[in-house]
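Engineer: Sequence:
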Amino acid sequence: MFPDERKLDSACLKIIFSGQTRIGDYILMAYNVRKGVIAPVVGIFLLCFAFILLYTQVVQAKSNKPLIGILLNDGGNGGYSQFPWYAMRQNYSKVIAENGGIPVFIGHDIQPIDDYLELLDGIVLTGGDFYSPPNAYTTGIKNTPNYKKYPREYIEFALIKKGYEKDIPVIGICAGMQQMNLAMGGTIYENLKKSLNTPIQHRNEDRETLQHSIKIEENTALYKMLKTKNMKVNSNHNAGINKLSPKFIVSAKAPDGVIEGMEAQNKRFFIGVMWHPEFVLTKQEKMLWKEFVQAASEYHKSKGG
1 MFPDERKLDS ACLKIIFSGQ TRIGDYILMA YNVRKGVIAP VVGIFLLCFA FILLYTQVVQ
61 AKSNKPLIGI LLNDGGNGGY SQFPWYAMRQ NYSKVIAENG GIPVFIGHDI QPIDDYLELL
121 DGIVLTGGDF YSPPNAYTTG IKNTPNYKKY PREYIEFALI KKGYEKDIPV IGICAGMQQM
181 NLAMGGTIYE NLKKSLNTPI QHRNEDRETL QHSIKIEENT ALYKMLKTKN MKVNSNHNAG
241 INKLSPKFIV SAKAPDGVIE GMEAQNKRFF IGVMWHPEFV LTKQEKMLWK EFVQAASEYH
301 KSKGG
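Note that our numbering has the sequence shown beginning at 1, numbered continuously upward.
Keep in mind that the hints are not guaranteed to be accurate.
[To be verified] 27 Å max Cα-Cα, derived DSS-like pairs, lysine-lysine:
1) 161 / 149
2) 303 / 224
3) 224 / 193
4) 224 / 65
5) 162 / 290
6) 166 / 193
[What the hints assert, rightly or not] For each label pair, taking beta carbons as the anchor points, the in silico distance ranges come out as:
7) 142 / 227: 26 to 34 Å
8) 115 / 191: 34 to 42 Å
9) 286 / 129: 20 to 28 Å
These are calculated hints, taken from the structure and not from any lab test. In this text the structure is predicted, and so the values were computed from the model without any measurement. We put the CB at the ideal spot given by N, CA and C, even for glycine.
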């Protein structure tokens, strides 16, 4: 090899590892081996490197949609199976898919928690009928919930706390919003009717009908997304937020003062709502899901996806 060829080879390698070269440049460099410009060994290396980059880009192109986890509920006893099973309505995954996300369901297994947090680009904390630990209604849950007694809380609290730290987009719906508050140090009412003597019936089995209005606070992310101060929502909950975690601010309230929306400030998307937007009864709910999936997509890109 002549001295000028060694300098050229060295320059090529520096360009490779600087990350500033396109695939076509590598192939062109490798082609120059035929002209005797670059040493054959370096030429072969360049060609292999070009194909590796090409393969990487193809894989990334196939997975450019955000992967969004949807937390499952315990199916209870009987019904679908005599053995333990999970349950979830189809509209949760449908609304994610319709807005360009890839929905995947999350069970209550301990082992994959870190993998979920590494792989997921967004998390949906679903509604559900279940009992929280007794101190959820008094002093708050200070310690990690007992997995054997409260498997959903155990998994959910881990996803909420780590999701908050990593700035993973999270939306909590009804019970999911309450869990967000509990995980971050707040408390809840077990029964709004008994605790507040509210005139509004918050528990309605018909979730396809708008039940009451809410007022959305200005200067909140929710207001910026939905672009309205007032809207009507469905409602299907007995419990509700009592002491709000200091990690959140109130973003929406019902006319009786019940907190209907909360959010963490300075986060990509960390929002809880007490109604069920997965039924998509209004244009505002369509906008909410669009914004959530968009936030998950941005998080996906920030990871190099």
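Engineer: State for each hint whether it applies.
Structural biologist: Status of each hint after checking the structure:
no. : hint                  : in the structure
1   : 161 / 149             : holds (20 Å)
2   : 303 / 224             : holds (26 Å)
3   : 224 / 193             : violated (31 Å)
4   : 224 / 65              : holds (24 Å)
5   : 162 / 290             : holds (23 Å)
6   : 166 / 193             : violated (37 Å)
7   : 142 / 227: 26 to 34 Å : violated (39 Å)
8   : 115 / 191: 34 to 42 Å : holds (37 Å)
9   : 286 / 129: 20 to 28 Å : holds (26 Å)
When the structure is compared with the earlier hints, violations turn up for hints 3, 6 and 7 and for no others.
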